[in-house]
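Work out the full structure: start from the sequences and follow the hints.
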Amino acid sequence: MKYGYARVSTDDQKTDLQVAALKKAGCRHIFTDTASGADSKRPELALCLGSLRAGDTLVVWKLDRLGRSLSHLVAVLSELQGRGVAFRSLTEAIDTQSAAGRLLGHMLAALAEFERSLIVERTQAGLKAAKRRGVRLGRRPSLSDDQLNHARGLLAKGGSPAAVAKLLNVCRATLYNSLKRP
Numbered sequence: 001m002k003y004g005y006a007r008v009s010t011d012d013q014k015t016d017l018q019v020a021a022l023k024k025a026g027c028r029h030i031f032t033d034t035a036s037g038a039d040s041k042r043p044e045l046a047l048c049l050g051s052l053r054a055g056d057t058l059v060v061w062k063l064d065r066l067g068r069s070l071s072h073l074v075a076v077l078s079e080l081q082g083r084g085v086a087f088r089s090l091t092e093a094i095d096t097q098s099a100a101g102r103l104l105g106h107m108l109a110a111l112a113e114f115e116r117s118l119i120v121e122r123t124q125a126g127l128k129a130a131k132r133r134g135v136r137l138g139r140r141p142s143l144s145d146d147q148l149n150h151a152r153g154l155l156a157k158g159g160s161p162a163a164v165a166k167l168l169n170v171c172r173a174t175l176y177n178s179l180k181r182p
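Numbering-wise (this note's numbering), the sequence shown opens with residue 1 and increments by one.
Simulated from the structure, these hints should not be mistaken for lab results. Keep in mind that a hint or two might mislead.
[Claimed, not checked] Distance condition first, Cα-Cα at most 30 Å in a straight line; then the derived DSS-like pairs of lysine-lysine: (1) 180 <-> 131; (2) 41 <-> 14; (3) 62 <-> 14; (4) 128 <-> 180; (5) 128 <-> 157; (6) 41 <-> 24; (7) 62 <-> 24; (8) 62 <-> 2; (9) 62 <-> 41.
[To be verified] If you anchor each label on the Cβ, the simulated ranges turn out as follows: (10) 98 <-> 136: 50 to 56 Å; (11) 154 <-> 69: 51 to 57 Å; (12) 145 <-> 50: 22 to 28 Å; (13) 154 <-> 115: 49 to 55 Å.
The model shown is predicted, which means the values in this text are computed figures rather than measured ones. By construction, the Cβ of each residue, glycine as well, lies at the ideal position given by its N, Cα and C atoms.
What follows is the structure in structure tokens.
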């Protein structure tokens, strides 16, 4: 069975053109959303994806109507492929039931993987640069350096870890973990 999905980006736009093209393409059920692509709340898309079964075809008027970004588009197309659902875009003449359509799907997946790799590289470079600048990453320590020195002194004088932890208003595990800090 063919399912159609149409989306417009603003409230003043209409889905009429898309819906007409989807009907002409043989779609029996058409889902429409009226929202910004940046808005992740697209209830009709969720309903549409939930309705699809193996052997069905999802048809869109244009590729950008389906995905908010390249990575989102590839994720949706991968999900469809994994579930045995074909995909067709009318404007770009993409059809995953053809060899050329499958090739395009693989190219989009490769581009999305490349994009993810670039994001990881930039994140790692940013973390290294922050470390070089002396930025402390992660949670703030539970005990300040003064509290930690005080705790070390009390423990050196024979204080019990439980009593020192209680005095500092932390649990023993926090005290032990803090003592491991340089």
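For each hint, the structure was consulted:
no. : hint                    : in the structure
1   : 180 <-> 131             : holds, 20 Å
2   : 41 <-> 14               : holds, 18 Å
3   : 62 <-> 14               : holds, 14 Å
4   : 128 <-> 180             : holds, 23 Å
5   : 128 <-> 157             : violated, 40 Å
6   : 41 <-> 24               : holds, 28 Å
7   : 62 <-> 24               : holds, 14 Å
8   : 62 <-> 2                : holds, 16 Å
9   : 62 <-> 41               : holds, 19 Å
10  : 98 <-> 136: 50 to 56 Å  : holds, 54 Å
11  : 154 <-> 69: 51 to 57 Å  : holds, 55 Å
12  : 145 <-> 50: 22 to 28 Å  : violated, 54 Å
13  : 154 <-> 115: 49 to 55 Å : holds, 53 Å
Checked against the numbered hints listed earlier, the structure breaks hints 5 and 12; every other hint is satisfied.
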